[in-house]
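Sequence order for the protein chains is D and H. By the count of this note's numbering, the first sequence reaches residue 383 at its end, each step adding exactly one. By the count of this note's numbering, the second sequence reaches residue 465 at its end, each step adding exactly one.
It cannot be assumed that every hint is accurate.
Output of the computed footprint for chain H on chain D, the stretches with three or more beta carbons under 8 Å from beta carbons of chain H [stated by the list, open to error]:
1) 39-49
2) 65-75
3) 284-297
Here are some of the chain H residues that sit facing chain D, going by a computed Cβ distance under 7 Å [said to hold, decoys possible]:
4) Ala39
5) Pro42
6) His50
7) Arg52
8) Val111
9) Gln113
10) Leu116
11) Ser117
12) Leu130
13) Gly131
14) Lys134
15) Arg142
16) Pro251
17) Ala258
18) Asn315
19) Pro318
Which chain H residues face chain D? A few, computed with CB under 8 Å, are given here [as the list claims (entries may be wrong)]:
20) Gly132
21) Gly133
22) Ala135
Think of the hints as simulated: they come from the structure by calculation, not from any bench. No experiment lies behind these values; they were computed from the predicted model shown. Note that the Cβ used here is the ideal one computed from N, Cα and C, for glycine as well.
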Amino acid sequence: MHGTDTRGAMALPHPLDASDTVAEARRHMAVCNACRYCEGYCAVFPAMTLRREFSTGDLTHLANLCHNCKGCYHACQYAPPHAFGINLPQTFATLRQESYAEYAWPAGAGRLFARNGTILSLLTAALVALALVLTAAIQDPAVLWAPQTGPGAFYRIMPLWLLNGLAGSTFLFALLALTMGAIRYWRGTGRSGGAPLAGPAVLDATVDILALRNLGGGGHGCNDFDEGFSTARRWLHHAMFYGFLLCFAATTTGAIYHNLLGWISPHPFWSLPVQLGTWGGVLLCLGTAGLAWVKTVTDPAPVARQLMGGEYAILALLFLIGATGLLLLAVRHTGAMGLLLAIHLGLVLAFFLALPYSKMVHGLYRGLALLRNARERRAAGTA
Amino acid sequence: MPDFDRLWDVLVVGGGNAALCAAIEARRAGASVLVAEHAPRPLRGGNSRHTRNLRALHPAPTEVQTESYLEEEYWDDLLKVTGGRTDEHLARTCIRASQHAPGFLRSCGVVFQPSLSGTLSLSRTNAFFLGGGKALVNALYRTAEALGIEILYDTEVQHIAVQEGFASEAVLSHHGFPQRVRFKAVVASAGGFQANRDWLREYWGEAADNFQIRGTPYAQGRILKDLLGQGVQQVGDPTQFHAVCNDARAPMEDGGLAMRLDCTPFAIVVNRNVERFYDEGEDTWPKRYAIWGRLIAKQPDQQAFAITDSKAERNYLPSVFPPARADSIPELAGMLGLDPAKLERVVDDYNAAVRPGTFRPQVLDDCRTEGLTPPKSHWARRIDTPPFIGHPMRPGITFTFLSVKVNDRARVMMADGRPSANIFASGEIMSGNILGQGYLAGFGMAIGTVFGRIAGEEAARLARN
Ligand SMILES: Cc1cc2nc3c(=O)[nH]c(=O)nc-3n(C[C@H](O)[C@H](O)[C@H](O)COP(=O)(O)OP(=O)(O)OC[C@H]3O[C@@H](n4cnc5c(N)ncnc54)[C@H](O)[C@@H]3O)c2cc1C
Ligand code: HEM
Ligand code: SF4
Ligand code: SF4
Numbered sequence: 001m002h003g004t005d006t007r008g009a010m011a012l013p014h015p016l017d018a019s020d021t022v023a024e025a026r027r028h029m030a031v032c033n034a035c036r037y038c039e040g041y042c043a044v045f046p047a048m049t050l051r052r053e054f055s056t057g058d059l060t061h062l063a064n065l066c067h068n069c070k071g072c073y074h075a076c077q078y079a080p081p082h083a084f085g086i087n088l089p090q091t092f093a094t095l096r097q098e099s100y101a102e103y104a105w106p107a108g109a110g111r112l113f114a115r116n117g118t119i120l121s122l123l124t125a126a127l128v129a130l131a132l133v134l135t136a137a138i139q140d141p142a143v144l145w146a147p148q149t150g151p152g153a154f155y156r157i158m159p160l161w162l163l164n165g166l167a168g169s170t171f172l173f174a175l176l177a178l179t180m181g182a183i184r185y186w187r188g189t190g191r192s193g194g195a196p197l198a199g200p201a202v203l204d205a206t207v208d209i210l211a212l213r214n215l216g217g218g219g220h221g222c223n224d225f226d227e228g229f230s231t232a233r234r235w236l237h238h239a240m241f242y243g244f245l246l247c248f249a250a251t252t253t254g255a256i257y258h259n260l261l262g263w264i265s266p267h268p269f270w271s272l273p274v275q276l277g278t279w280g281g282v283l284l285c286l287g288t289a290g291l292a293w294v295k296t297v298t299d300p301a302p303v304a305r306q307l308m309g310g311e312y313a314i315l316a317l318l319f320l321i322g323a324t325g326l327l328l329l330a331v332r333h334t335g336a337m338g339l340l341l342a343i344h345l346g347l348v349l350a351f352f353l354a355l356p357y358s359k360m361v362h363g364l365y366r367g368l369a370l371l372r373n374a375r376e377r378r379a380a381g382t383a
Numbered sequence: 001m002p003d004f005d006r007l008w009d010v011l012v013v014g015g016g017n018a019a020l021c022a023a024i025e026a027r028r029a030g031a032s033v034l035v036a037e038h039a040p041r042p043l044r045g046g047n048s049r050h051t052r053n054l055r056a057l058h059p060a061p062t063e064v065q066t067e068s069y070l071e072e073e074y075w076d077d078l079l080k081v082t083g084g085r086t087d088e089h090l091a092r093t094c095i096r097a098s099q100h101a102p103g104f105l106r107s108c109g110v111v112f113q114p115s116l117s118g119t120l121s122l123s124r125t126n127a128f129f130l131g132g133g134k135a136l137v138n139a140l141y142r143t144a145e146a147l148g149i150e151i152l153y154d155t156e157v158q159h160i161a162v163q164e165g166f167a168s169e170a171v172l173s174h175h176g177f178p179q180r181v182r183f184k185a186v187v188a189s190a191g192g193f194q195a196n197r198d199w200l201r202e203y204w205g206e207a208a209d210n211f212q213i214r215g216t217p218y219a220q221g222r223i224l225k226d227l228l229g230q231g232v233q234q235v236g237d238p239t240q241f242h243a244v245c246n247d248a249r250a251p252m253e254d255g256g257l258a259m260r261l262d263c264t265p266f267a268i269v270v271n272r273n274v275e276r277f278y279d280e281g282e283d284t285w286p287k288r289y290a291i292w293g294r295l296i297a298k299q300p301d302q303q304a305f306a307i308t309d310s311k312a313e314r315n316y317l318p319s320v321f322p323p324a325r326a327d328s329i330p331e332l333a334g335m336l337g338l339d340p341a342k343l344e345r346v347v348d349d350y351n352a353a354v355r356p357g358t359f360r361p362q363v364l365d366d367c368r369t370e371g372l373t374p375p376k377s378h379w380a381r382r383i384d385t386p387p388f389i390g391h392p393m394r395p396g397i398t399f400t401f402l403s404v405k406v407n408d409r410a411r412v413m414m415a416d417g418r419p420s421a422n423i424f425a426s427g428e429i430m431s432g433n434i435l436g437q438g439y440l441a442g443f444g445m446a447i448g449t450v451f452g453r454i455a456g457e458e459a460a461r462l463a464r465n
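One chain only, chain H, in its complex shape (with noise of 0.2 Å):
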């Protein structure tokens, strides 16, 4: 039994990788730190059990990733992404901080690989953890036990009492009960909300009902609404998240990387009105695979039919669940429940409009169509080398926008401009400050291990004053 009556020195709330980060280097700095997972052990992590790579800055060649990555690159990468939507001082600082994150982790038993097969894109600017996210997680929580930090799973901190800027007690549910708990300073690296259904709803009506939540179940957002109806101030707009295109009988929640399809450069993708909606052919890996899932989501039912043929099948990586696979494309939209006289005259009209072209996977190719709406830019080849082929898609989404405002310190900021005295965050419930919009592979990564770490310094040094 945790000791409840004791002033502790730190409170992280969370146990992904931005609250672990804190809470070891605070116990590092010699601050006794409580950490209150609100997943039982088996699914401790959150979001973080899901990545596999985290982007960092390198001024030359590492043992796992390749040339140089410098920081005027890595910052037009993300104002590329965000359109602008960002704070370039805090950008600035996460960006030259990833320098030190694979060596802080790894100094925490984690170990990188060079890029995975079939993510060739990324081996210069992102770090591989080998055997991804949860070996990561597992290496964290080890280092943290072995640091003397006190680690509560099935705990969920359901309130952090705010005066005035000044946090003075959290109210937690420990396996059911609830406690309190008192504390210096306290750090929330609590996630997003995207798991929150209720939430989203808000937002996005019944179709929230349809997104699928790539993630911990745990992203409830409960202490970013808490904190964010206590006076502290807000970034980020609360309607948008993240999502990309996960095969539409994946898991409602839970259903990680391996859900995700990406055979849209090489397909024609339909909705249930088989209607062709958005240029597949647009652009290469990283822009598509962050687009697709807001498109579909604003499809009707959420739903989306991605139809290929045998000859591009081994253009993208197999999906976890077989498509279905026909002779003829009526048959084909019979199993995916669509009307088959339709599909086969947006076949019929694709094929048509594919003008000849050299086709080249990996680049910006010159197989296009003509006088086709939308058009597919690049990619396109005839669809006609049964067996055909069709995956069913949904939305899936990986994170939410709405944040708390920090400063670089890792400081919570108040509505009325000033920082609080005692209140840290880090991770996803603070990336809006620097995403506003978009995203960049392995960024959420390098947020929570950069401001996790400046959380857990600042909060050590202020419980030792």
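Same shape as in the complex, but just chain D (with noise of 0.2 Å):
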């Protein structure tokens, strides 16, 4: 017996149970099980030949697993207008919003993932305008507009205990709830909850993660736009990841600068901390724009359109951050600095807060969902 017995599974209720999403993704797996074409895609269809009943755990799994990179709706014989109406990435998509919601830290929280792009688009417009109405009440006018330069010019616009004070604790936060929201993930997904994780599956899943290996269509590129195939969402996606780890990473030298060297920003356009956020800003809003601009050109019909609302608020929110950041750079020996300071600042802390309850927690549930995939692979000797 080893981990893709689903029987333990099976017994157990699961909250979404009675959503018509799920049984719509069962009627779609018990087709799909019978027919397995599109077993070369991506690692739900191998997944998928590992079970034959499929629990609401094994389900949500699947649709997390599932990148969404529509190879196999193009390539259905029972896509829309056959009978069967078989629409994998739609459904899956629709699946992983409500496990989203379902699994969000605190119970309740759950509601922001519906009308998610509005409630982005206020989240980010209020903090903005609170960044901007405390630097405006803390500061005197003259030091707000004066143009700042030399050591410490960006705390005498903020100060630095607030930024501190602000930044750290929306972070932790947002931390406790990703948490909290992977622990009752994992639990939900499967029967084997913390069971202890063996290494190769770990370097397996960070593979799959750094390199999106399944968003691929099975190496040769994804249904980005049609029938035809392309890999420019997935490079797109790695200009917008590492794009953002490089800002992240910017952040954090210009920290280790800060406390352990005693180096106080800005610092000059050619230190680390300047250059990692520079590269990272431009690769943010390369990533950003292009997933953007691909979103309004691809083919609809596999597309979960409730859905999209989300997706571009969280996209303008990446692309802000960076263009802020960039912009940032470009004024901050000029008056303009105190107020773009202010912004750029209100825009990050809107994103730390948002983490939980946007499109951002998929990273961490397809990153739960790859792992727990690479330890079925390793226990079925199929890695």
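Using the hints, put the two chains back together into the complex; each one sits in its own frame.
Have a look at this one:
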């Protein structure tokens, strides 16, 4: 008996048992499991063939394992207008969203996933306004609008204690909420809860994440636009993802410079934090803008439309963070710096707060799904 | 609006694999090509849309096929399934050229992968399409469009005017409006007639109403009949078709491969009258797959029921529609609408006849019955572990064997033995030349690709001169 025996999971009641989407996903899996034509596209199908019955937890796992490459929609002889109406990318995207809401912490916060685009936009606007008001309230207008140069220029606009306090507390809250979500997700999608993890499986999953191996239609590309193959979304996500990591690294090096080395920002253009931040910002902007463009031209048939608002909103937020960061660099020696710094910080705070209640949780749950999948494949000897 | 006034070099009738291979080959040879596909765009691609692999000769391992598969073995396999009802010259032409079929399809954007799980027995002989036949069809259409081939969807070719073996024009229904098309050569790649129930009824009577058509509803055989009615020579038994056992709840058309049930070797199969009618354990996968559809087609009401138990369930692929499950045989009979007492007796008799043996699902094992008619020669295990399971079954028809006769250049032969001046054929519409009966997995696509290419090349050559 190995990790693919799902009988234990079948017996456990699951909060999404009554969902229509779960019933629809189960119907889809019954057809796919008898067909299997799409086996070469991604990890979902080999994981499916290890199962015969699909518990709600299994389906949630498979939905989060899906990378939405759309290969299996364009290849499906049962896609609409066929009576079977098989549309796996759309069904899985909807189920993913339901699972985000279900596992959100604290209980009840899942409601934020409905009309997510509007909520994100309002949150962003509110926090940018708050940052502006706070800065204006704390600072003498003469300082705010005057060009600031030399060490500590930023902190003359926004005091360091306030910066650390706001960013730190929102980030810690996001971490807590994400951790709780992760625990609930992990328990809800399998029997084995917190079983110890083996190194090789963790390594497999890490490679899957860093390379986005499953966003490749089995190697020759996804159906990003129509039934032709492309790797556009994969490269754009890489740009966004690694750009984001570079920005994160920039902030971290900045903190190390400040706290350990006592080097106070702004740093020179060729310094490590500024270089990391610049390239990160450029990649982040390119990636998010590109992904938004793809969404506007892609064949809408396999798209889950009700999710698009939230996706556009998070893409816009990330783009704005990157763009204001770059602008800040450009104008940091002018009088516009104060205003831009406040806006940039407001956006970052909004992003941290939105982390657990937006599309951003996909990284966490997909990562966990890839980990579960790697463990299953190791156990079945198909890794 | 396509140009119906011009004189096209080549008209291709149909929109499946055979048609597109012909169109692409002809266009690459420089001909102007018009493709008329009866189906609307979302349902384009005929039976080819439902396929998953192609049988290809290969002298050494390839990226997707293991070991080697050479001409003599391929030919032997064909000889076995057709019982000699084939044309050796055409068959060998096809077998030899099948070596280059994957490469050609790859040049058209088709992606291959190693065999799927559950089809290990085909990993040597067959190359699988990544994503299956619809992905293949999509790639062929994209290539055709990029080459400047004109494609008309929702366009049925209703008649090709033939005089003395020369085709002058075609009558079509384009989005329901009548049109005429003139051409220098025509390639008929319009598939079989399996979806034409009236035609099937001529041979099978009312039973035809209970046949499920596995593939496209557009396989009406209109052009096949049209050509045969104008002096084209016929081959293949018109009454015969290839059929598998499908789930009884599958749609009457277009249910595709996922509707097939492959539980028979691990089950006992009874008809409506609760009688067993054939040795369920006779042979391994490829053979049993192909015979059960025909067997069921001959049972009362064209229905049958496979009875297994929970210990057998994991030996076969899951079915799309859930089977009936019950804790006792009489209860199961009730759910399937069978006589409970009778089914219990049949299962008891069978259980009593099962001899002890070592169960080995992949090979012909020694688990068999003794003193039972008909016997079950392999994989016979007692049906004794509830829940008991019942799968209702019906015949699912894949294609018909009736065809137009062709020569090795894909040129249609007239009844008087002379080749037509400018009519070519490829795919299912001519496969009866090579497959007089039976079927080899992946051979349909091999025939379509090979003869599609030949037909396209020849039609373009003719148009040039
Ligand atoms: C479920 C299923 C699975 C199969 N799997 C395999 C497999 O894995 N490997 C394999 O080798 N074979 C397989 N086959 C057999 C295979 O589908 C055929 O051998 C092959 O597709 C024949 O190709 P074709 O182009 O000749 O016919 P089709 O693909 O059927 O194309 C016929 C085309 O003609 C069009 N048409 C018909 N009449 C007209 C008209 N009057 N005017 C205009 N257009 C018309 C139809 O719309 C259709 O597009 C399978 C068949 C089925 C049903
Ligand atoms: C574990 C790490 C991650 C994985 C496995 C992952 C995977 C994916 C995949 C497969 C998609 C496309 C399918 C979909 O729309 O759901 C996607 C979309 C997206 N990802 Fe990630 N991601 C990860 C981390 C991140 C990070 C760190 C960011 C932010 C910087 C991010 C931002 C986005 C956004 C905004 C989208 C939506 C794009 C769109 O709507 O077109 N992801 N991610
Ligand atoms: S998506 Fe369609 S073609 Fe792919 S495995 Fe499922 S049913 Fe088959
Ligand atoms: S990753 Fe792509 S092929 Fe796999 S299930 Fe999702 S959409 Fe389908």
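Tested hints:
With 5 residues having a Cβ less than 8 Å from any Cβ of chain H, the stretch 39-49 of chain D passes the three-residue criterion, so the hint holds. For the stretch 65-75 of chain D, the proposed coverage by chain H is satisfied: 4 residues have a C-beta within less than 8 Å of a C-beta in that chain, meeting the threshold of three. Counting residues of the stretch 284-297 of chain D whose C-beta sits closer than 8 Å to any C-beta of chain H gives 0, which falls short of three, so the coverage hint is violated. Hint status for Ala39(H) relative to chain D: violated, with the closest Cβ pair at about 11 Å, above 7 Å.
For Pro42(H), the interface hint holds, the least distance from its beta-carbon to any beta-carbon of chain D being 5 Å, beneath 7 Å. At about 5 Å, the closest approach between the beta carbon of His50(H) and any beta carbon in chain D falls short of 7 Å, and the interface hint on this residue holds. Interface hint status for Arg52(H): upheld, as the beta-carbon distance to the closest one in chain D is roughly 6 Å, under 7 Å. With a cut of 7 Å, the hint placing Val111(H) at the interface with chain D holds, because the nearest CB-to-CB distance is about 5 Å.
Given hint, Gln113(H) at the interface with chain D, holds; its Cβ is 4 Å from that chain's nearest Cβ, closer than 7 Å. About 5 Å separates the beta-carbon of Leu116(H) from the nearest beta-carbon of chain D, less than 7 Å, and the hint is met. Interface restraint check: Ser117(H) against chain D, minimum CB-CB distance 5 Å, threshold 7 Å, status holds. Annotation: Leu130(H) was flagged as interfacial toward chain D, and the flag holds, the nearest CB pair being 5 Å apart, inside 7 Å.
With a least beta-carbon distance of about 3 Å to chain D, the hint placing Gly131(H) at the interface is held under the 7 Å criterion. At its closest, the beta carbon of Lys134(H) sits 5 Å from a beta carbon of chain D; the interface hint therefore holds under the 7 Å criterion. This hint holds: Arg142(H) has a C-beta 6 Å from the nearest C-beta of chain D, less than the 7 Å allowed. Interface hint status for Pro251(H): upheld, as the beta-carbon distance to the closest one in chain D is roughly 6 Å, under 7 Å.
At its closest, the beta carbon of Ala258(H) sits 4 Å from a beta carbon of chain D; the interface hint therefore holds under the 7 Å criterion. About 12 Å separates the beta-carbon of Asn315(H) from the nearest beta-carbon of chain D, more than 7 Å, and the hint is not met. Contact between Pro318(H) and chain D, as hinted, is supported at the beta carbon level, the nearest pair being about 5 Å apart and thus within 7 Å. Proximity of Gly132(H) to chain D holds as hinted, the smallest CB-CB distance being about 3 Å (cut-off 8 Å).
Using the Cβ-Cβ criterion of 8 Å, the hint placing Gly133(H) at the interface with chain D is satisfied: the shortest such distance is roughly 7 Å. Taken as an interface hint, Ala135(H) checks out: its beta carbon lies about 4 Å from the nearest beta carbon of chain D, inside 8 Å.
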